[in-house]
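From first to last, the protein sequence lines are chains A and B.
Mapping to the numbering used here: the first sequence position 195 is 195, numbers consecutive.
Mapping to the numbering used here: the second sequence position 83 is 404, numbers consecutive.
Hints are not guaranteed to be accurate.
Okay, the calculated beta carbon distance ranges per label pair [stated by the list, open to error]:
id: 1; chain 1: A; residue 1: Lys223; chain 2: B; residue 2: Glu391; range: 47 to 57 Å
id: 2; chain 1: B; residue 1: Trp354; chain 2: A; residue 2: Ala238; range: 28 to 38 Å
id: 3; chain 1: A; residue 1: Pro308; chain 2: B; residue 2: Asp411; range: 31 to 41 Å
id: 4; chain 1: A; residue 1: Pro176; chain 2: B; residue 2: Lys543; range: 31 to 41 Å
id: 5; chain 1: A; residue 1: Thr179; chain 2: B; residue 2: Thr341; range: 26 to 36 Å
No wet-lab data here; the hints were simulated from the structure.
All values reported here derive from a predicted model rather than from experimental measurement.
Backbone N, C-alpha and C define an ideal beta-carbon position, used for all residues, glycine too.
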Amino acid sequence: MVLVYIDHQDNQIKKSSLEAVTYGVALAKQLGTEAHGLLLGTVNDDLAVLGAYELKNVYQINDAALSSFDAQVFVKTIAAAATKVGATTIVFSHNQTGKALCAGVSALLKAGLVTGAIALPNTSAGFVVKKSVFSGKAFANVSIQTTIKIISLSPNSFHTASGAAATASITPLDIPVSTGHVKITAVNKTSGEISLTEADIVVSGGRGLKGPENWGILLDLAKELGAATACSRPVGDAHWRPHHEHVGQTGVQVAPNLYIAIGISGAIQHLAGVNRSKTIVVINKDPEAPFFKAADYGIVGDAFEVLPKLTDAIKKMKATA
Amino acid sequence: MKILVCISKTPDTTAKIAFTDGAKKFDESGVQWIINPYDEWYALVRAIELKEKDPATIIHLITVGGSDAEPIIRKALALGGDEAIRINTDSADSFSIAAQIAAVANTEKYDLIFTGKETIDYNGASIGGMLAALIDAPYIPLATAFNIEGTTATITREIEGGEEVVNVNNPVVVSCQKGVAEQRIPNMRGIMAARTKPLKVVEPAAVEALTSIESFELPAPKAGVKLVSPDNIDELVRLLHEEAKAI
């Protein structure tokens, strides 16, 4: 059985978990088995609608100790649940929570783990999973040798597919849950902001924008596109933008459908954080900027002129589309 | 307080990525090696800052690898730390590395274990989580700030679209990223001192890897950039909509 860990935040299932569900269902078909979900705690969403993703059943473990995230507690609970239901493959999203949990579950079950998978495994001979390595500069095909296999799926690498006329059953699972040691004292959400690692479109600014006071034109474009905002390392280091927006080798790695880089030269360290983006647009007034070599589309021009025009053009396109 | 910092050797961020042996091995020829930036800039520097505040703190650095990892661990010692441990075996996969470190951690009993959030070569992001599970300690991933008073750590960690502040008593395993500390440059005094700091070589525990790399691939080269005139922005929007289907 393929067991998919369904992650949630603010009582809602994360989009990256729906990708993991779609992946798990496809993998189960490939292996000739069934896909089931595993949810710890409660969500406001109706779990039965996960049947639309062809998920047969969701196991739910409800315990007061699961109402806030504690990796140690969650890992033990997931490992026990996987053993109880007889999971042979466990799928996580490689999101902020999933990457912490899959590692722990792998260690407890001595189950081989591939993190950040970007495609379904090759099961023609063995079980070989493709993942991105060297910060997006290469791929590795990793073979898992153990009976139980664990995969974490890189966000934005597998599109969700729903639409099946089916409902998932919900099976409460009775697993003893240990008491945690981690106490959450505050949650600071950047209000209304789109999560950078989950975003379809990312609009990113560099030193070419000259100062934090000029970010308005970038934010306008991001708003029009429903995009998350990001920045280069010098911008983060200069505190023009919050450090969690820093994209690159030592910041956040993103893989959106569309990455728009404005006034960023494209140092190799920056490219390492964005080169798995499907389409890259570079706007820079320096035609020699190395980023153009990694781009699909480019505009050699002044960001202060190009950006407002681009925002208007998108508005216009949306109005006629 | 006793802190363990996990150190990994990685190719320099600008290293050319190529493969040999039928694309089965990373081509190490001409590659400059560095301390994995997350291990160095955030995990190690934060540990050093804690020691500067409380000089009674003991910092151990640990790495899993052959003698070729020693220049890297010496470089780490030049930044700070009291002694280093090298577990003398190949770093076969994340599980085997974590299990080797766990074997040392189980006898040494550290109050804090710091790792970088991931290595920049295999991007596994797994060592901290595995290690915490193996020694049955709480695990705080993706920390952006770390403070400790007595035995209670206050840690800020990244969550989707924000941050969460948690309190936890040590021992605890923390994976560190930007925000936890600022990069430092080793000074001459540190480099000289590092030469005489103890570097213990430990024989590995009996651990088997659970995975192996079959082969590597390089991404298909980009077709080349399509340049659009700044006076024809509508054309860019059309291309993004119709050709790239990105908007």
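Hints not upheld, ascending by number
3, 4, 5
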